[in-house]
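Enquirer: Line order of the protein sequences matches chains A and B.
Here this note's numbering is used: the first residue of the first sequence is 1, the next is one more, and so on.
Here this note's numbering is used: the first residue of the second sequence is 1, the next is one more, and so on.
Hints listed in this document are in silico derivations from the structure and should not be mistaken for laboratory results.
One thing to keep in mind: the hints can contain errors.
Same chains, same names: a pair is fine if it fits in one copy or spans any two.
[As the list claims (entries may be wrong)] Here are the simulated lysine-lysine pairs, DSSO-like style, with alpha carbons at most 30 Å apart:
id, residue 1, residue 2
1, K114, K179
2, K88, K299
3, K194, K68
4, K117, K194
5, K280, K194
6, K280, K299
7, K114, K189
8, K88, K117
9, K59, K296
10, K246, K68
11, K299, K77
12, K194, K114
13, K117, K135
14, K59, K117
15, K179, K246
16, K303, K135
17, K117, K303
Note that this is a predicted model, so its numbers are computed, not measured.
2 protein chains.
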Amino acid sequence: MNSIKVKSPATVANLVCGFDILGLCLDSPLDEFTLSITDTVGVTIENIDNYNLPTDASKNVSGAALLKMLENENDIKGFHLISNKIIKPGSGIGSSAASAAGVIVAANHLLGNKYSKLQLVDFAMYGEEVASGAKHADNIAPAIYGGITLIRSNSPLDIISIDHPELFVTILHPQIEVKTADARNILPKEIPLKNAVTQWANVAGLVTGFMQHDYNLISRSLEDVVVEPYRSRLIPHFYEVKNAGKNAGALGGGISGSGPSIFMLSSTAEIATSVELEMKDVYLRTGIEFHTHVSKINKEGVKLA
Amino acid sequence: MNSIKVKSPATVANLVCGFDILGLCLDSPLDEFTLSITDTVGVTIENIDNYNLPTDASKNVSGAALLKMLENENDIKGFHLISNKIIKPGSGIGSSAASAAGVIVAANHLLGNKYSKLQLVDFAMYGEEVASGAKHADNIAPAIYGGITLIRSNSPLDIISIDHPELFVTILHPQIEVKTADARNILPKEIPLKNAVTQWANVAGLVTGFMQHDYNLISRSLEDVVVEPYRSRLIPHFYEVKNAGKNAGALGGGISGSGPSIFMLSSTAEIATSVELEMKDVYLRTGIEFHTHVSKINKEGVKLA
Chain A
1 MNSIKVKSPA
11 TVANLVCGFD
21 ILGLCLDSPL
31 DEFTLSITDT
41 VGVTIENIDN
51 YNLPTDASKN
61 VSGAALLKML
71 ENENDIKGFH
81 LISNKIIKPG
91 SGIGSSAASA
101 AGVIVAANHL
111 LGNKYSKLQL
121 VDFAMYGEEV
131 ASGAKHADNI
141 APAIYGGITL
151 IRSNSPLDII
161 SIDHPELFVT
171 ILHPQIEVKT
181 ADARNILPKE
191 IPLKNAVTQW
201 ANVAGLVTGF
211 MQHDYNLISR
221 SLEDVVVEPY
231 RSRLIPHFYE
241 VKNAGKNAGA
251 LGGGISGSGP
261 SIFMLSSTAE
271 IATSVELEMK
281 DVYLRTGIEF
291 HTHVSKINKE
301 GVKLA
Chain B
1 MNSIKVKSPA
11 TVANLVCGFD
21 ILGLCLDSPL
31 DEFTLSITDT
41 VGVTIENIDN
51 YNLPTDASKN
61 VSGAALLKML
71 ENENDIKGFH
81 LISNKIIKPG
91 SGIGSSAASA
101 AGVIVAANHL
111 LGNKYSKLQL
121 VDFAMYGEEV
131 ASGAKHADNI
141 APAIYGGITL
151 IRSNSPLDII
161 SIDHPELFVT
171 ILHPQIEVKT
181 ADARNILPKE
191 IPLKNAVTQW
201 ANVAGLVTGF
211 MQHDYNLISR
221 SLEDVVVEPY
231 RSRLIPHFYE
241 VKNAGKNAGA
251 LGGGISGSGP
261 SIFMLSSTAE
271 IATSVELEMK
281 DVYLRTGIEF
291 HTHVSKINKE
301 GVKLA
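So that you can see chain A by itself, here it is in the shape it has in the complex:
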C-alpha cells in the first residue's frame, strides 16, 4: 500500500471540570487527508482547501508531525500529503490536532501499523508544537483514541480511555478570535485550595458518571469553578448561551479547548438539536457571525475514508 485516505475528527478538550486532562472525539466535522509514500526525501504538501496553510512542511502542523516520524524511519524517505481541511483553524475544536493526528494515523497504516496509539500521540504532538508552541496532547489523545480520554500524565505520557454512555455534542463557534496566549494569561497562577477540591470532586464525579452511564451524575458534575470564570470573559454571551443550552435539556457544557467555541452535552440527538436551536437563538440576536455543529461521540477516532 503506497497511498491512503483518512478522515480526521474535531475534538473537545478541557471538558468542563476536566481542564487539561479530559477530552472527547467528535464524529463531525472531519478533515480529509490523502497520504502517499514518496521516493523523494521529506514531506511535500498540496492544500486543496481555502485556508492557505503553509506548504513548507516544517511550518505546517501535519508536516512537522510527519517529519518527526520520518526521523524515526530508515525504510522510507518521504511523504506526499493532499490536505483538505474542513475544521476551521482557531475554532477551539482541535483543528491543528486533527491535522497532526490524521496524517500520523495515515502514515502508521502505510507502515503496517507498527506504532502503538501512545507512540502516535507522541509524534502528533510535534504538530501541536508548531500550532501553539506547546507539545500538548489535549486534542491529539481523543482524536487518536476516539471516545473520551483522560491524560493522567504528560511526562511520561499516560492516556486512558474512559467508557461512557451515548452522548451528543452541540457546538456553537462564534467567529471571533481568542488568542491562545490570552486564554493562558487570563488564568491565575494560584487558586484557592477550596476551589481545587470542588474541582477534583467534580472530576471524580464526571469520570464516575461516564463509567456508570449515569446521566444525572454527569450533569451534576459538569461544573468548572476554576477556569470558566476567567476564560468565559473572552467569549461574548457565554453564560447566556450556556444557560439556553441547559434550559433546552443539555446535561451541561462549557468552553471547548481554550475557546471561542462553546459546547453542550446531551443524552439524545433530539435534545442536542433543540439545544442547537436555543444556542443559535442567543447568537442570532448578537450580530456576531457563528456556526454550529451537532455530533455524536466518535468512538473510533481517525478513520480510513
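Given chain A, put chain B in place with the hints provided.
Expert: Below, chain B alone, put in the same frame as chain A:
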C-alpha cells in the same frame, strides 16, 4: 425489635490525591454498639471500654447523632447505648465516625430501616461536629456505604459508591497526637494551578483505575502533590514508612485522614502482610510506640453483630 447490636468499622479518609472526597471502609478494627429503645426521654450511655468518653449524650459523638435523630422522631422517646470502642480515638482512621455511623445505622434498624443511607450520613455528621467542630462526611460516608465512596458535594450532600477490585489495607498508627487544628492550619490557602491539575489528573486516574480494576493504573495514580508535602511533616518518618511499604509491593498509600496513621494499599493479603512487616521495621527503630492493622476493604459498612 427493641435492642440491636452492630459492629462499626474504621475508615480511611483523604485517599491520597482524593483529599476531602475519597474514602474507604475497613473490615477491622470494629467498634461494638448495643442500642435499645427506651421509655425515658433522651439518650443514656454506658461505656464498657477504657476510653472514658463522655456519658453526657450531647457531648458524646454517638449521643449527639442519636439526639439529632430523636428530634426527627415522634414515635420513640429515647435510646440506651452500650458502647464498646475498639478503634482508638485520635488515630486518624475514623474512630468518631465509627461511633456516629454505628449507632445511627443501629437506630435505623430499630426504626424499621425508614431512612436512606444519605439521611443516615446526615444524622451521623452531627456526631462528627461534636468530635471535631466540623460537620464532615469524610469517614461517615464510607462507614455507612461500605467500600470506596466519593463525596462529590457536601451541600447538597452527594455520595457515590465506586466499584473497585479486591484491595487490602495496611495501617501503621504511631502513638503520637496530631491535632486536627494543626493538620488544617499547616495547609496553604492557595495552591499552584499546575499542582491542582496534577492532582485532579491523578484523582481521575485513581477513580478510573478502581472502576476498571486496573491495579497498575491505581498505583500510578496514588500520588498527592497538594496535601502530603505539608501534613507529612507532622508524622515522624512518614516517607521512610511509605517507601518501605512501596518497596514491599504496595500499590501506594499516604496519610489516613489527617493522620497520624499511615496506610498502604495492596492487591493481595500476602503483600499487605509483607508491607506491614516492612512498615513495622521502620518504626521499631524509632522508639515511638505504634500499632498496625491489616484489613481487606469492607464492602458492607456498619453491620449487624
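Enquirer: The structure should be examined with respect to each hint, and the outcome stated for every one.
Expert: Hint-by-hint comparison with the structure:
no., hint, verdict
1, K114 to K179, "neither (37 Å within a copy, 57 Å between copies)"
2, K88 to K299, "within (22 Å within a copy, 50 Å between copies)"
3, K194 to K68, "between (42 Å within a copy, 28 Å between copies)"
4, K117 to K194, "between (36 Å within a copy, 26 Å between copies)"
5, K280 to K194, "neither (35 Å within a copy, 35 Å between copies)"
6, K280 to K299, "within (27 Å within a copy, 48 Å between copies)"
7, K114 to K189, "neither (41 Å within a copy, 49 Å between copies)"
8, K88 to K117, "within (25 Å within a copy, 50 Å between copies)"
9, K59 to K296, "neither (32 Å within a copy, 56 Å between copies)"
10, K246 to K68, "neither (43 Å within a copy, 38 Å between copies)"
11, K299 to K77, "neither (33 Å within a copy, 59 Å between copies)"
12, K194 to K114, "neither (46 Å within a copy, 35 Å between copies)"
13, K117 to K135, "within (16 Å within a copy, 46 Å between copies)"
14, K59 to K117, "within (24 Å within a copy, 59 Å between copies)"
15, K179 to K246, "within (27 Å within a copy, 45 Å between copies)"
16, K303 to K135, "within (23 Å within a copy, 52 Å between copies)"
17, K117 to K303, "within (13 Å within a copy, 47 Å between copies)"
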